[in-house]
Each structure stands twice: as C-alpha cells, then as structure tokens.
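So the sequence shown is numbered by the working numbering: it starts at 1 and just counts up by one.
Treat the hints with caution; some may be incorrect.
[To be verified] Listed below are the simulated DSS-like cross-link pairs for lysine-lysine, each with C-alpha atoms no more than 27 Å apart in a straight line:
id : residue 1 : residue 2
1  : LYS21     : LYS49
2  : LYS49     : LYS109
3  : LYS109    : LYS159
4  : LYS159    : LYS107
5  : LYS49     : LYS80
6  : LYS154    : LYS93
7  : LYS109    : LYS21
8  : LYS107    : LYS154
9  : LYS240    : LYS255
10 : LYS21     : LYS159
11 : LYS159    : LYS133
12 : LYS74     : LYS49
13 : LYS107    : LYS74
14 : LYS47     : LYS159
15 : LYS21     : LYS154
16 : LYS93     : LYS74
17 : LYS49     : LYS107
18 : LYS74     : LYS191
19 : LYS109    : LYS133
20 : LYS47     : LYS80
[As the list claims (entries may be wrong)] Using C-beta positions, here's what the derived DEER-type ranges look like:
id : residue 1 : residue 2 : range
21 : SER7      : HIS247    : 31 to 37 Å
22 : GLU75     : ARG108    : 22 to 28 Å
23 : GLU112    : LEU194    : 45 to 51 Å
Rather than coming from a laboratory, the hints here were simulated on the basis of the structure.
Cβ coordinates follow ideal geometry from the N, Cα and C atoms, glycine included.
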Amino acid sequence: MASNSLSRETELSLAAEAIGKAQLVLVLLDPIDFAGTLVPELFRKAKGKAAVVLTKMDLLPPIARHHEVVAWVKEELGRKGIEPVRIFPVSSKNGQGIPELLSFLEKRKAEEIALVGATNVGKSALLARLLPKDAQEPTISNLKGTTQGLNIRKWEHGKLIDTPGITPLGRLDQFICPRCQVELIPADPIKSRLYQLASGQALLFGALGYVENLENETVLQVYVPGSVILHRTTGEKAQKLLAAKPHWLSGSSCKCPTGAWETREVSVQPLEDLAIAGLGWLSVRRAPASLRLVLPQGVQIQVRNALLQKR
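Work out the full structure, taking the sequences as your base and the hints as a guide.
Next up, the structure:
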C-alpha cells in the first residue's frame, strides 16, 4: 500500500482552513471515479458556498451527454443531502467548460476562492487553466501528494487557494504501489467493453480482482481504464490467477495488491451501475444479475443509478 506524506487528518485540516478563508469553494469531482473522489466532509465544511467542478469530462465515453452527467451528479449529491450552488463540467486538458466557469467566478466577485477535492482529481490542472497565461504554472503530476500545503495564488479578481488532495477512504489506489496507481489513471476516453458471462463465469480486472456471475447468463458493460487487462474465465480459475498474478494478466512483474481479499455478493438491476472506487464501473444489460465481487479488502463499492442511460 502506498502512503501519502500528509495524514488524512492534516489534509482535512488544511482544506478546512482554506474553506474558512474563502467566500466560494470549488469542490472537484471526477465523474469517471465519482465513488472514489466524493469526500462528503468537504461539502459539510463548505455548506452554502460550494460549487462543484466535474473534471476530466474529456475522458468520459463518447456516448456521454454532458447535461445528463450534470443532472446525474446533482441527483446523486441530492441523495446525500448535498446541494451545490452550481455544477460545472470541464476539461482542463482541452479547455472545455472553462469559459463558463471563469464567467461564473467573475460574477461572484469572491476575493478568495478555495479549490478542494480528493487526490488526483485535477486541482492543479484546473488551477493552471484559471491563472493568467503569464503566471507560473503549478506542478501537475499523476502521483498523489504533489501539493503539500496551502498554495495561495493571485489572479485578476483576488486569490485562488490550492489545497492538498484528500486521501479517499476505500479507493483502489490505496492498495497498490505508486507505479500501478499511475497505470490506473486513464490517458484516453474510457471505452465500454461488453462481456457475456454464463453462470459460474468470471471477469478478471487484471490482477486487481474479479466479478463472477452467480445465476442466469448475463451481459456486463464494463467501463475501466484501457490499461486494465480484462480476462474471462471460470470463478475457480479466477481465484488461482489472482493468487499467481501472472505477468500477462497484470501487465507487469508487480505483485500488488498483496493484502487480504474481500468477497461480497450484490444484485444489480438494468439501469443500475456497480461502481468500484478507483477502478470504474460496470452495468448489466437486459436482465438483473447476481454477482460476486472479489477485491482487496476495504475497497468501496456502490450500486447506483446508471451514469450513462442505455440508448
């Protein structure tokens, strides 16, 4: 398991300090890993002055319609009692949505604006887009822990406060080495992959775990980074392959994760997703599915309304 140089308590304390200073708080969320980047504590501290920025929209599958993603996020947050003042879908990579966000910030006339969110959610990349072109660019890295304290930057309307990322609870990258963490960060848009599973068949997510179909034949639509090798086999063979971690399955000689495995059984209906924090999600097609998940112990999972409605 990789560790950050700051404790989670310190990360939250620094975020709380920035939120206390700010008149407006930008809470960043990654729609590809919504379960792994949602930090409810940030919304509680920023109640009434939090706007959500959905980062990395360019990495969603081409089928994704941005207004539907925004509506889905609003509904999911509402289920948790969270009501942001606005939600902005953006891409720091290609600049999509940045003009609308800048216009909103200028109209709010907030002297100090805090940027907060989970590790690797894209705070430094967004900050680089918001700062003037002649400003010194912040350090942008796929390794978590790049920002170690409050980073206050001047811009034409006041100050932007960048904060260390909050280490999420139960995200898959907590259980793997830094090199494998980087491999899990998608570089290109996520593409769906379809797999038909008979009863007793399983689908391995590289050497990171697997899902097994327990009952009637089902079809899974899987959304994970392209670097993750998907392999269909039987449930019995999946257990053996996880223990062996062959090079062709993991994509490297690395043997992580090395901790205990946890087995859970879930039922997923059509128009529902099974999200795995830090990995992605899968949807079932046509009929309900009874599934067994085997993942590193402690990884968070969630059955939720489908992010991408079937068309």
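Tested hints:
no. : hint                        : verdict
1   : LYS21 - LYS49               : 12 Å, holds
2   : LYS49 - LYS109              : 13 Å, holds
3   : LYS109 - LYS159             : 11 Å, holds
4   : LYS159 - LYS107             : 15 Å, holds
5   : LYS49 - LYS80               : 17 Å, holds
6   : LYS154 - LYS93              : 22 Å, holds
7   : LYS109 - LYS21              : 15 Å, holds
8   : LYS107 - LYS154             : 17 Å, holds
9   : LYS240 - LYS255             : 14 Å, holds
10  : LYS21 - LYS159              : 10 Å, holds
11  : LYS159 - LYS133             : 16 Å, holds
12  : LYS74 - LYS49               : 16 Å, holds
13  : LYS107 - LYS74              : 22 Å, holds
14  : LYS47 - LYS159              : 20 Å, holds
15  : LYS21 - LYS154              : 14 Å, holds
16  : LYS93 - LYS74               : 24 Å, holds
17  : LYS49 - LYS107              : 14 Å, holds
18  : LYS74 - LYS191              : 24 Å, holds
19  : LYS109 - LYS133             : 20 Å, holds
20  : LYS47 - LYS80               : 13 Å, holds
21  : SER7 - HIS247: 31 to 37 Å   : 35 Å, holds
22  : GLU75 - ARG108: 22 to 28 Å  : 24 Å, holds
23  : GLU112 - LEU194: 45 to 51 Å : 48 Å, holds
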